[in-house]
Amino acid sequence: MNKLEIQQLEKKFGEFEAVKKISFSIASNQTVALLGPNGCGKTTTIAMILGLITPTSGSITINNQLLGKEHHYLSKMNFASPYVELPKKLKVIENLKVYAMMYEVDDSNNKIEQLIEELNLAPILYKKTGELSSGQRNRVSLAKAIINDPEILLLDEPTASLDPDTGDFIRTFLENYKKKNSMATLLASHNMDEVTRLSDYVLMMKEGSIIDEGTATHLIQKHGREDLEEVFLKLARQK
Amino acid sequence: MKIKRILSLMLRHLYLIKASVPRIIDLIYWPTVQIILWGFVSKFFTMHSSYFNNTAGIILSAAILYDFLFRSSISYNMLFLEEIWSRNLINLFVSPLKVGEIVIALTCTALLRTLIGLVPAVLIAIPLFGISLLELGYPLILLLLSLYIFGITLGLLVTSGLVRFGPSFENIAWASLFFIAPIGCIYYPVEILPTWLQPVALALPLAHIFEETRSILIHHTVNYSNIYYALSLNAVYLSIALLTFYQSFKSAKVKGSLINVGE
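From first to last, the protein sequence lines are chains A and B. With the working numbering as the guide, the letters of the first sequence map in order to residues 1 to 239. With the working numbering as the guide, the letters of the second sequence map in order to residues 1001 to 1263.
Worth flagging that the hints you see were computed from the coordinates, not collected in a lab. These figures come from a predicted structure and were not determined experimentally.
Quick list of in silico lysine to aspartate or glutamate cross-link-like pairs, DMTMM-like style, CA-CA up to 25 Å:
1. 1255(B) <-> 70(A)
2. 178(A) <-> 151(A)
3. 1002(B) <-> 149(A)
4. 1098(B) <-> 1082(B)
5. 89(A) <-> 1170(B)
6. 1255(B) <-> 17(A)
7. 1250(B) <-> 15(A)
8. 127(A) <-> 113(A)
9. 88(A) <-> 1170(B)
10. 1002(B) <-> 106(A)
Derived CB-CB ranges, DEER-like:
11. 125(A) <-> 1182(B): 47 to 55 Å
12. 10(A) <-> 1251(B): 12 to 20 Å
13. 1145(B) <-> 10(A): 42 to 50 Å
Note that beta-carbon positions come from the ideal geometry of N, C-alpha and C, so glycine has one too.
With the rest of the complex left out, here is chain A:
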């Protein structure tokens, strides 16, 4: 069953068409990657799904329910991006408590304990979030993003600017988390290894349109390239 269905989604900012009538769907427990050069419409697409931007036309259906003016599904969705931060002056534990309460998490103490354990947050729990390294901050953001056991998770470049070790920690965590939890994930990333490793399906975007799609293996074979990065470069440079 499709958890998220996008039909003919379009966003215009004046004359500029940021997203051009794109359609795709994500099933429960499926990870779909949005790939494309900067400014191709990935963030706008994610923002429309999150209700941050009103689409010009098209529809977003979540759990077979059409998204109206009021976003009915935010309590079961979540989002993480290194470009969106948690309150810097609050301690990690305080941020987790605030967001557990905001998402009305049942048995929040237990959930927070579990996140501390799984994301290795114990050593930084009483540190102010603003004093953490980018890797540590990323782990805390991820903890916030799954604090409500989301049915739909949107990740915007989750490992951008992380060292390989921390990046791998996050990817391994997401792989394991997905095995244990049924969750539809939309992943926007520029890291091709990450996309190959985490996603079940890839959407290649360029200038607001989906120009190709398929599994990573299928796309590599179809374009006769060695890896997804080469496919990306070919499509991005194609006139």
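Dock chain B against chain A, hints included.
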């Protein structure tokens, strides 16, 4: 509307206040300095002005009430700006928090912030100048309510600007109350203003609130029509502010500026 979600945003700001002693000192320091300054000015006028000679405390009471308004509005703006500065707004907008819940949470937290700053200053005024706001009697509750609603109204209008135009609107946040102060008739009667400006002043709740404060302290009579006008005008302005706030959210979503508010 869920209480738990409203409390979560309040908790976020309480953690922030609790974590920083300089922040608490800052909250208390400015109202205290303001009240001590106006306390001495008030004392001077009491001794040297026939208008004020039998009515010690008019200026100081007005200063305290104005500071209550000022703190309410600034607190509301500060709480919203805090979310912008910490780049946390997107996290709030993509959470289940409704716009109405954000407004209520900020309104309640702004009151708490205002009281933290003002209560010590008001208590200091009692032994230092022999002046207590309680002399205004039970209408004080209605006057404070009126001021608080107007403070939140201004806060809502400024935050609407922040949502719509981004952090560049921040300077307006600081200046908003100074625009209105001259026609608020805080320290002088409406009649002092030029005739053409008097209707403008009377169209604001402030003129009625401070007229009533003077009426109680000078004539020892409560003129409920002033309170009625103040509350009615407040209802109109608050409705406009709420509509503006919702409209600015709607407009920001269409223009896509919501995702840039925190940058």
